[in-house]
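Residue numbers (the numbering used here): 65 to 415.
In case anyone wonders, no lab produced these hints; they're calculated from the structure.
Accuracy of the hints is not assured; some may be wrong.
Derived DSS-like pairs: lysine-lysine, alpha-carbon spacing no greater than 27 angstroms straight-line [as the list claims (entries may be wrong)]:
#1 Lys356 x Lys186
#2 Lys328 x Lys143
#3 Lys324 x Lys397
#4 Lys397 x Lys143
#5 Lys356 x Lys299
#6 Lys324 x Lys143
#7 Lys143 x Lys400
#8 Lys356 x Lys180
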Amino acid sequence: MMNFQACSNTISNLFYVCFVLLPTMALGDCTCDTIEATKSDSIEVLHYKIGSIASVLVAGALGVSLPLLSKRIPTLNPKNDIFFMVKAFAAGVILATGFVHILPEAYESLTSPCLKENPWGKFPFTGFVAMLSSIGTLMVDSFATGFYHRQHFNPSKQVPADDEEMGDEHAGHIHVHTHATHGHAHGSAVSSEGSITSDVIRQRIISQVLEIGIVIHSVIIGISLGTAGSIDTIKPLLVALSFHQFFEGMGLGGCISQAKFESKSMAIMATFFSLTTPIGIAIGMGVSSVYKENSPTALTVEGIFNSASAGILIYMALVDLLAADFMSPRLQKNLKLQLGANISLLLGAGY
């Protein structure tokens, strides 16, 4: 049975790939001439990097924790209209992160002149990998949902043969009595319970897949900041990272809150999200002296990971975060809420 332990194992494997293999693979020799940027005083650069770890950690932790405190903050309760607009804004940020930030960076990496013309210059690997990751996310989403349903929902019980062979008069009495007094109410209760359980299962799958997509991007961008040697490069990255970590955390935290995990599981997922980018920055700082960002290996690994991350985030933002809410009866029946959610989405995407 798929449970949170299985997700933890998947995330552990992801940790190994991102935190062990990625930095190691990125240390290859550079065959392309690089232009060294003017480096500021190393002490000052170090201070900025340490400050960026603290800033990104606080922003991510705050963003992902606020929706989890919905019991104490009524405004952030999933049943509140404001939660809809906050979630739409966060989804807009995640969507823009995939389309505007990650995908162009992946394209730039995989079309770099430092890579060989064959095969990198003869095929659009960026879009191809993003497409495959989106399809893969859809498949994981579908199979995981089907698996959960098969585990949690049993087929309807068959009517015993003895009951079917009862006399017409007695059978008619049972039929009328059942539907008149108990049957309808009981059926509605089962249907309602099933709907709630199904929604919780769906939210759990969404939150787990979304976290994996965000984590891949967070590690890579963290390493990029950690290896930066100029304050002029670090400053905008720091501001952008802190902002995106906060609102990506809001989107993820909203999903985790709706998934109704146990407190321990929620704490693990929130902590994992909060720590990935700071750990990426720390790794980047550790390998900055030997890291060559224009080496073919580094460009290939970063480009493929960024493309995959973009595909996952775009799919999750459009299908699981936006479509589910924007097509819900609650939003369709409330024009003010619908307008507010659309405006929030555009504002989030604009940032």
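Hint-by-hint comparison with the structure:
no., hint, in the structure
1, Lys356 x Lys186, "holds, 24 angstroms"
2, Lys328 x Lys143, "holds, 23 angstroms"
3, Lys324 x Lys397, "holds, 26 angstroms"
4, Lys397 x Lys143, "holds, 15 angstroms"
5, Lys356 x Lys299, "holds, 21 angstroms"
6, Lys324 x Lys143, "holds, 14 angstroms"
7, Lys143 x Lys400, "holds, 16 angstroms"
8, Lys356 x Lys180, "holds, 17 angstroms"
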